[in-house]
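K.L.:
Going by UniProt numbering, the first residue of the sequence shown is number 1, and it counts up by one from there.
Hints in this document: simulated from the structure, not taken from any laboratory.
It is possible that part of the hints are untrue.
[To be verified] Quick list of simulated restraints, FRET-style, between CB atoms:
1. Met495 to Gly647: 33 to 41 Å
2. Ser783 to Tyr345: 44 to 52 Å
3. Tyr435 to Met495: 28 to 36 Å
4. Ala501 to Glu972: 23 to 31 Å
5. Gly647 to Val502: 34 to 42 Å
6. Gly654 to Met495: 38 to 46 Å
7. Phe506 to Leu157: 43 to 51 Å
8. Asp700 to Asn743: 24 to 32 Å
[Unchecked claim] Below 30 Å or equal to it, Euclidean Cα-Cα: the simulated DSBU-like pairs (lysine-lysine) are:
9. Lys703 to Lys848
10. Lys408 to Lys392
11. Lys455 to Lys408
12. Lys432 to Lys302
13. Lys935 to Lys901
14. Lys848 to Lys810
15. Lys368 to Lys901
16. Lys703 to Lys810
17. Lys302 to Lys391
18. Lys432 to Lys391
19. Lys302 to Lys392
20. Lys391 to Lys338
21. Lys455 to Lys392
22. Lys392 to Lys432
23. Lys901 to Lys358
24. Lys821 to Lys810
Using N, Cα and C, we set each Cβ at its ideal position, and we do this for glycine too.
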Amino acid sequence: KFSSTLYETGGCDMSLVNFEPAARRASNICDTDSHVSSSTSVRFYPHDVIRLNRLLTIDTDLLEQQDIDLSPDLAATYGPTEEAAQKVKHYYRFWILPQLWIGINFDRLTLLALFDRNREILENVLAVILAILVAFLGSILLIQGFFRDIWVLQFCLVIASCQYSLLKSVQPDSSSPRHGHNRIIAYSRPVYFCLCCGLIWLLDYGSRNLTTTKFKLYGITFTNPLVLISARDLVIATTSLLAALYSFICSIVAVALLYGLCYGALKSERLQSDLVVCIVIGVLYFAIHVSTVFTVLQPALKYVLYALVGFVGFVTHYVLPQVRKQLPWHCFSHPLLKTVEYNQYEVRNAATVMWFEKLHVWLLFVEKNVIYPLIVLNELSSSAETIASPKKLDTELGALMITIAGLKLLRSSFSSPTYQYVTVIFTVLFFKIDYEAFSETMLLDLFFMSILFNKLWELLYKLQFVYTYIAPWQITWGSAFHAFAQPFAVPHSAMLFVQAAVSAFFSTPLNPFLGSAIFITSYVRPVKFWERDYNTKRVDHSNTRLASQLDRNPGSDDNNLNSIFYEHLTRSLQHSLCGDLLLGRWGNHSTGDCFILASDYLNALVHLIEIGNGLVTFQLRGLEFRGTYCQQREVEAITEGVEEDEGFCCCEPGHIPHVLSFNAAFSQRWLAWEVIVTKYILEGYSITDNSAASMLQVFDLRKVLTTYYVKGIIYYVTTSAKLEEWLANETMQEGLRLCADRNYVDVDPTFNPNIDEDYDHRLAGISRESFCAIYLNWIEYCSSRRAKGDFRISSIRDEWIFADMELLRKVVVPGIRMSIKLHQDHFTSPDEYDDPTVLYEAIVSHEKNLVIAHEGDPAWRSAVLANSPSLLALRHVMDDGTNEYKIIMLNRRYLSFRVIKVNKECVRGLWAGQQQELVFLRNRNPERGSIQNAKQALRNMINSSCDQPIGYPIFVSPLTTSYSDSHEQLKEILGGPISLGNIRNFIVSTWHR
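Please construct the entire structure, taking both the sequences and the accompanying hints into account.
P.N.:
If you want it as structure tokens, here you go:
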């Protein structure tokens, strides 16, 4: 609580705060736990308020900042004399009990450098429990004799490091892409230690007490205790320095647990649909399973299913996506199957559903819901008895493997069907034709091959990224170090293959060191690659002080104002992304894929986080409108066409019609990205950005604006429901009394003969006669039809307007805003608004369809997100030395985007490289070589889209989920959700029919 007298001469009076008097504080400035009477009145300086805020928030980043403006008391304390410095006693009061404390001879910053400060009691309790668990589990492993000789010392050091991390955590966190203190890291090491020790203990106990059972898998003989002992030894290995290589298992477990919780947060109608569908599918497939279909029709049935999945998968995931690409097979110069909008210059309606899109939807539906489940069910029925036999895995372990394999294959068919057909066909050919003797039933073969192929696809992406990035004919040197590192990387090019294989096995990014041709393997992290929900906070009038708005609005820079368009784009994608992916409009896709949406002014990276059955979770990262030189070069690379290229090596003989030239085809194969479509239709806003200075430099244009301003005020006055109340107001009558005189003249210096059309040159002002000559006709017409800015009143005679603030809010402000729009219309039809009827109807139409507001007004953001048809604002830009006004006009329409698919390993590698360079190597050079443009990899755009402070996107959306049920075109093809309400409506409508 602050006293009523907030500011005094030279400082602030704070009478209800427990602070030391200035004299005592000067002699003991580091005692942060002072006690004085609650009624003591202390003079406080602004610097002290800043220090108070730092101490209360306990933010280490703020505490480390240097004080700039010291109060007189502290300035005197920090004098240069050594004698005064030696007399200062630094100590910190550590409270043991409410009335008992001990003094620690450290100041706050020194103590924070030695130990972390816990903010809650729960953190202290958790730290104590974890420390006890670490000691207990560690002692058990030592007693059991798992470690001997020098390994005992190493294990004790591991125990000590786990316990010390509870006192002082390792910072910065290697798994966090942000600067500063991360509180979670203090508990990660002891938690992982406890999990590993617990697993070692349990596995060792199981290996000692389970009976010996032999089983054979892919020619290798195992026993149950041997498996447990091997797993135990593997976990023991994770307690060494190689523990980071296996920590991704914890992330997978966490994702598996959270996935069910996230899935349960879906809409109620979707839950009803899932309930009905699950019951129907369960009954249907159980009936098929208990029947004799999978026994009588063997072996012909399984080969029919294999051939069917091969044909459907090849058509759905290879042929159709290739013929719909912008450059099919990197040979043709245009799509072989074109949409209606492909040749349209401006799209005015939603994208038309084509026959091949319907075919893609139905093939995908049959593949995911019929063919793959039948294959898995067939293998479960035919392989279950063999797997559970004593010769294989026996009953207990066999049941576990059958459950895991069946669940894995079914889930993969829904979440990642793109490459499933390749896995199935290769497995059948390998284990049924080439090496049938090595087959361990097709169920286990498909299970293990699906894991292997997942690693092989990742290896392929990594190799494509590496060899594209270091190709000598297109490498770009962003710095002198790049030129120096290039020749040293050549002898190790062959080693890159081994390095890529290791990285693919552990799912670690392969990042270029400092952006050069030297690649290193990063640490293990989740494939989905997000740390937290980065929800960009928009700065507007609702979260800034009025003083800052009048002085220099902190939200007036272009990046903050333009971020709303990316937020609207996120809402549009949330409505349509899942349906468009199922329609094949984005080509092949899988979890972790990255796409770039590019239009005339919007450039955004879309990251697919999770793909499920009828849902897609994504994150959008918007780049600057006015990007850097490097960003513009890469934008030109993804938007320029290569159809007109006629080069063949060093000459230009031309190319075959509808086919790319040799040089163009060659260059497209050496890119880490490819253009999927050039006309992806999405609802958004077209932005018209005009400089207000250029539109108002001429006096005639200023006169037009002033005339529309006056007519706008007249319109809002005459149409207001409070007109009679205002006319009866005594204050307003007194203010307008002089205007009743026929000879009245207003000679206010504000009026100017160059910009006021009703200016009377004879009387050097605005006379009643000159005003009526211009506006009386408009006043009479408006009367016959009657049934955010800085608006300052400069004349004392005009203060009557404040008698009712509704007059200012409902008349003056809308009049100014409407005049800007009418002034814009004046350029298209200069004489149209001379007719009062046309002008009146235009104002009425703009009131209904146009939102005119300040961009810092929360109403502007609400109008954009509510899909208002048109918006207009006057933007004042003060950024990078610029100080200008712009008129921003938004019109909602269908926009055309280019969809560019980027190699996801390229994105992961470049992001990991930037994190390493900025966080660990501390290279904060804004012109560092690793962010210079590289067209073959879109290095600058990808690095710019990384999370702050590594990158600098102007907008990062939260994790957003798009559902197929929200896509109207997809619902017309497949039908809506099968909910209880829809079933009831169908039955009722059918009965009445």
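K.L.:
Holds or violated: Lys703 and Lys810, Cα atoms, limit 30 Å.
P.N.:
holds (23 Å)
K.L.:
For Lys935 and Lys901, compute the direct alpha-carbon distance and say whether it is at most 30 Å.
P.N.:
holds (14 Å)
K.L.:
Please verify whether Lys392 and Lys432 have alpha carbons no more than 30 Å apart.
P.N.:
holds (19 Å)
K.L.:
Take a quick look at whether Lys432 and Lys391 sit within 30 Å of each other, Cα to Cα.
P.N.:
Measuring from Cα to Cα gives roughly 20 Å; hence the hint holds.
K.L.:
Could you see if the CB distance from Asp700 to Asn743 stays within 24 to 32 Å?
P.N.:
Given about 30 Å between the Cβ atoms, the range holds.
K.L.:
Please check whether Ala501 and Glu972 have a Cβ separation lying inside 23 to 31 Å.
P.N.:
Distance hint for Ala501, Glu972 is violated at roughly 47 Å.
K.L.:
Starting from Lys368, check that the Cα of Lys901 is at most 30 Å away, please.
P.N.:
holds (24 Å)
K.L.:
Quick one, are Lys848 and Lys810 close enough, alpha carbons at most 30 Å?
P.N.:
holds (15 Å)
K.L.:
Is the Cα-Cα distance between Lys302 and Lys391 30 Å or less?
P.N.:
holds (24 Å)
K.L.:
Within 30 Å, alpha carbon to alpha carbon, are Lys408 and Lys392?
P.N.:
Holds: Lys408 and Lys392 sit about 20 Å apart, inside 30 Å.
K.L.:
So if I understand the rule, the pair passes when the alpha-carbon distance is 30 Å or less; does Lys432 with Lys302 pass?
P.N.:
holds (12 Å)
K.L.:
Please test the hint of 43 to 51 Å on the beta carbon pair from Phe506 and Leu157.
P.N.:
Roughly 25 Å apart at Cβ, these two residues miss the hinted range, so it is violated.
When each numbered hint is compared with the structure, violations occur for hints 4, 7 and 20.
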